[in-house]
Structure formats: C-alpha cells, structure tokens
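2 protein chains.
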Amino acid sequence: MKRNLLLTPGPTKIPSDILEALARPIIHHRTPEFQNDIRQVTEGLKYVLQTKNDVYLLASSGTGAMEACVVNLLSAGDKAIVIEGGKFGERWTELCEAYGVNAKVMKVAWGHDVNLADVKKLLDADSATKVVFVAHCETSTGVTTDIKAIAEVVRKTNAVLVVDAVSSLGVINLEQDIWGVDVVASASHKGLMLPPGLGFVSMSPKAFKLVEQSKTPRYYFDLIKSKKAFAQVDTPFTPAINIIVALKTSLNRIKSQGLQHVFAEAERLARGTRLAAKALGMTLFAQESCISNVLTAINVPAGIDGEKLVKIMRDTHGISIAGGQAELKGKIIRIAHMGCVNEDDIIMGLTYLEQALAELGYKFTAGAGVKAAREFFNEVHTYGTK
Amino acid sequence: MKRNLLLTPGPTKIPSDILEALARPIIHHRTPEFQNDIRQVTEGLKYVLQTKNDVYLLASSGTGAMEACVVNLLSAGDKAIVIEGGKFGERWTELCEAYGVNAKVMKVAWGHDVNLADVKKLLDADSATKVVFVAHCETSTGVTTDIKAIAEVVRKTNAVLVVDAVSSLGVINLEQDIWGVDVVASASHKGLMLPPGLGFVSMSPKAFKLVEQSKTPRYYFDLIKSKKAFAQVDTPFTPAINIIVALKTSLNRIKSQGLQHVFAEAERLARGTRLAAKALGMTLFAQESCISNVLTAINVPAGIDGEKLVKIMRDTHGISIAGGQAELKGKIIRIAHMGCVNEDDIIMGLTYLEQALAELGYKFTAGAGVKAAREFFNEVHTYGTK
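So the protein lines, in turn, are chains X and P.
With the first letter of the first sequence counted as 1, position 268 gets the number 256 in my numbering; the numbers rise by one all the way through.
With the first letter of the second sequence counted as 1, position 325 gets the number 313 in my numbering; the numbers rise by one all the way through.
The shape of chain X in the complex, shown without the other chains (with noise of 0.2 angstroms):
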C-alpha cells in the first residue's frame, strides 16, 4: 500500500472517527434531528470562535464564505481597505474588484509583519471606511498577522474588521469577542479536519447593520436569508448535510482536547518543524516576528527546484506538501501544523524531505533535521512542559 501522508494546508487529514462519520446514512436536513445537529455543531463552532455572535452555515468551501462578507457587507462604491500580504490578502482585493468596492490595498511585503501604524493612518485618512479586510493567516506565505493589535485599532473608528480565518481557525488563538472582531469567515477543511464544502461566517450586531444596508445583487450567498433560517435553526438552501453531522465529532475532538491545548500542539509541531529546517541549513520565509504555527514556509535552497521537491516527496515517498503560489513558484514548500496532523507525521515528512533533497543534490548532514525535531519533541511533550 503506497503512504498517503497529507501534510498539505488544506485539505488536511481526516482522523478516522470523523471520516466514519462522514459515511454514516445521510438524513434529511428538514428534521429535529438535523435540527439538533445544527444547535451543537453552532455551539462548537461559536468556542472555537469564541464569540456569542451567530455562525451562518453555508454549503461552499472557504472562498464563498469570503464572498458572502464582501456581497453582504458592501456597496459597490463603498470604501474598504484590504491588508494584502499573499494570495489570499489579494483574494480579498479580488471579491472587492469584482463587486466594484472602492478598496484601498495595503500591501505588505511577503512575509513581512503589518505594520499597524500603516494601517491606523489609512483609516484616519477616510472616515468612510466601511470594511478592513484581513487574513488571520495567510496561507501562501506561512505568516500569522496579530489580529489583536489590529483590532484594537479598528474598532475605535466606524469599521468593521473582517477576518479570514479559512486556515487558522482551531490552530492558534482568535479571541473573537474579546479582541473586538466584527466578522470571521472560515471553512470545514483545515483545522476542522473535515473535507471541503462547508464554509460559515460569524458576525457581530455592527457588522450585520452593514448587511441590512448593502445593496449589493445576492441570493445563494445572501446572509439576511441566512440569519432568518437561523433564527429557525434551519439553512436558507440545502446545507452540506454529512460534513456538518461529521462537524460534530470535529468539535467534540477539539473540546474534550481543550481549545488551548490543540493551540500548544500546532506551535509544538511548528517549532519542531523551524528547528529541523535550520538544521538542514535552511531558513524560514516568514519573518520571525510573523510566522505562524498554522503552517512552516520554508525557503528552497539555492540551486535547488522547488517544483522538483514537491514532486519527488508526493510521486515518490506518498508525502503531499505545498509548493509556492504565484511569485513563490518554486521558491518555497509548506508544511502544515493543522487539526490532526501529529509529531510522527512531521517526523515521518521530515524524513523524506531529507530524502528528497538529497535526491536533488542538497548538500547537508544527513539526520540533522529529523534529529533536531525528535530531540524538541521529546523534551516539549506538551504545553508548557519545556
């Protein structure tokens, strides 16, 4: 049997009691039964958001949860900033373009940190700014932005903060409520270990007042139909029925885990992960002051085909990772750190990394990187243990 080892950032891995749950008998989403299955995935899902604001299930992957913000949020005309800082930054730029938002891009360098005095001069620059779009983790360039500090900043003037947590979400903190975040979309298959098709956006009482004035043409994705069918614990249209009776066994995998806990073992993973690329010799893409436990970007040595390695570490060793996107094409790999990804699949992906860039004429001590992960492993159990 060839190995199948996802250590992709989405999909992710599905642990075995939740892929048997995806294959249970389907039922029939107009039933007390679903209904009860809508209360408690809504429950889960509002932990792991931690905020009381209501969760919209809607049967798309995370793009359509994204569209679902700008369509419901915006006007064509009205003014938003965007903090671009990879693909799915410019994601947001792109939903903005498309429904003719007037959107002020700040770029940041890939990579890099936001730089929140940046982002405070913009917004004192035009009172009228509607939205501030940003990425919780921005998945193309493995860097966490500090959505607190971002936050904080926001919310004293009229916007309202919309975050893409599509890759962080149940992999490292968004305090929803108490930063001050106005609206979270995400979907079911990154940290919720679950197949794509399940996308759900929570929103604060000031975010849904944009909803009810925007003018914007919607229907599928319209979350004035979305909040009345709540209201009824029920969808709008037919939601992804078997993800979200698997979504349960998700969220009561993360609980009985304990929010805080499944945060200490992604940065455990991530760490380790850091450690063994700088043993191989190789340095990380994100700035340290940024990079995220979601996923590790790693720079592709010099001389070395990126394309190549990602390929040989799949076709050959059954051990999927990321390549670059867009400008990063073969410039970086990326390995995640994501709901059930565990230190034997790191270890098990670090090995064949080793392989593979051996293959390609990588000069470095063979074992180095596998031992300086197995050595933080072994030392850091859990969280706080070191």
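Since the hints were made in silico from the structure, they are not lab data.
It should be emphasised that the depicted structure is a prediction, and the values quoted were computed from it without experimental measurement.
All the pointers check out, no bait thrown in.
Same chains, same label: a pair holds when it works inside one copy or across any pair of copies.
Subject to a maximum C-alpha distance of 30 angstroms in a straight line, what follows is the list of computed DSS-like cross-link-like pairs (lysine-lysine):
1) 95 to 216
2) 203 to 213
3) 299 to 216
4) 317 to 351
5) 215 to 197
6) 203 to 67
7) 296 to 216
8) 203 to 215
9) 92 to 203
10) 95 to 203
11) 197 to 95
12) 213 to 296
13) 299 to 213
14) 213 to 67
Given the coordinates of chain X, work out where chain P should sit on it, guided by the hints.
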C-alpha cells in the same frame, strides 16, 4: 435500532459503496490523482447529461448551480422568461429578481402541464429574450415538464434554454445535445445518490457567448474562471473533494446499469406508487399528462392533517417522506423514486403510510395500497417485461 428510510426527494438514500467512498482518506485537489478523478467524473457526468459540453463543478448545493446560470448568462436589465409551476420555478424568478434581470414570469398552475403555445407566444413577443428558465422536474408538485418540446420552440429563437435538472438528472431522460438544451444545472444529492454539496452546470458554446457578455458582478460562481480551470483539469477554488471522489462510484454504478435501465426503474417505482395511492382511494396531485417519475405527489385525503401524517411516518415509523411546500403545506405528501430507492423501500413506505393513515382515522381497505404495488412489481420486473 430505529428504522431510518429516506424516501424524500433529496437528499436521497446513499448506497453503502458510495458511503464507503465518502469515508476514504482525503487527497489533495492539486494532484495528478485528483485530476484523474475530475476527468472520470466529467466523462461520467457527460454520459448522464447526454452532452459533449463542458461540465463545471461547483462547491455548492443546487441553488448555487442555478445562481451560477443567472449571474453568468444575464446582466441587470436583460430579458428572460421563467416558466414557473412550483417552488423551484419560483427560485428562478427570485434569482432573476435578485440580480435585476427583467424576467417575464409565465405562471403555470401547480400540477399542470406547460402550454407550449404560451411559451412560443412569449418568445415571439420579444426577440430580445436572452434566456428561458424552466425546471425539468418540479420537485414541489411532482410534475415533469416536456423539455424536448420546449427546446424545439426555444432553439428556433436567439434565446438559450436553461434547465433546472437538480431532481431529474439520472432519474428521467434528459438528452441535452439531441434536444438542444443549452444549459443544465444540477447537483449531487438526488439521482446521483450523494450528499448535498456539489453543484454543476453543463453549457453549450452558444450559451457561453452570453457568459462572455454578462456584466453581472460575480466571483465564486464565475464560469469564466471555471472554463479556464476546466481546460487545466482543475477547479478555480477548493472543490468538494470527497463528494467528487465518491461521484466516481455513483457514476460507475449508473453506467454499469445503463441509463435506460435507471430511468426504467424509476418509472416502475413511480407507477407502482401511483397504483398504490389510487388503491387507497387517494388522488395524485399532478395531472396525468405531466406526471413525474422522479417523485409522486399524492393529495392528502380530506379531513386528514398532512403535516401530522409526515410527522407520524418519520417519528413513529422512521420513514421520511416529504410534505407539501408553500400553498401545498399539509395538502400533499411526496415520495421519491430517485437514485437507489428500490421496490422494497417503496413497499416499506406504503406499509407505514397505510398504518399512519389508519392512525389518523382515514377509511380505506387495509393492505390495498401495498397489494397494488406488490402485484405491479411482481408483474413488471424490469423495463419492458410487461
């Protein structure tokens, strides 16, 4: 263990081999392995759709696929005709309204046939009509519309014909290319025996010209993005991976049985159900000339509470059938003949329909419904044996 039989017109029963396929370890979508899956499901969907057109896969429910048709084919102010004979015809109207399309709504009495002369008259009255929208099977009433006849009328004009085949695809015959249907929108959770979450649209080159002209803002459902990705055996955004993987199993099942056999089986179940209803002294909601083999809508006898009937069937007997929607609430029940529903399921459904009717005080010859269906099924084993 509680009985849990799904006779609702979507979602429908999922056979065990497809459930098993849904539970396979997830694979990444940007891999040669998944490209093979896309190739296979595209070929299979073309077989079921009876078309050579491209098929664009969307991570959405059926309504998402319908929205994709409206936003891609038309701009605000464009003229369209909606043939509206039930809840799903109304959905086309609502979508047109949401996007500012100037839709002429041709109301058809619920349960009744479309008057072809009326369609022709409307088309002749305005040569600027760009699109005609119609449901193949109107799931809310149990009516099948004669798409072949409508296509003959529409193909003589500049308009393109867009058919909602969400509930009909793979259940009753729809010859997209031979009949000259320009666009078909459908989804995974009816005849294809999968969970909801995968929508798709097949589109003729004539229709795609409208896509290139449409100015309606769109992003997630932009079929120009889909067409570009399709050419690369890819999808523009993260697809519904595990449904696509399981769709291979579904399509293999349909292919191995043969489309004609699949259609004949639905017809056989529908005829048996109709005979049973009549034997119980009940009448059918749809007119005989347009009665559907996709599902059977039965009028609830006078004095019987239809909502209670559905509730007793479900909560006491573990059999889910559908009630009526909107103006038909409490007035009809609906039993599906889609996908892997078989004669044993229908017999079981009828057995407890009789019991529930008796519990509600309806007077009839006990056993007459089951007897009528059983005798018909005994006589007509497979297509053409009678």
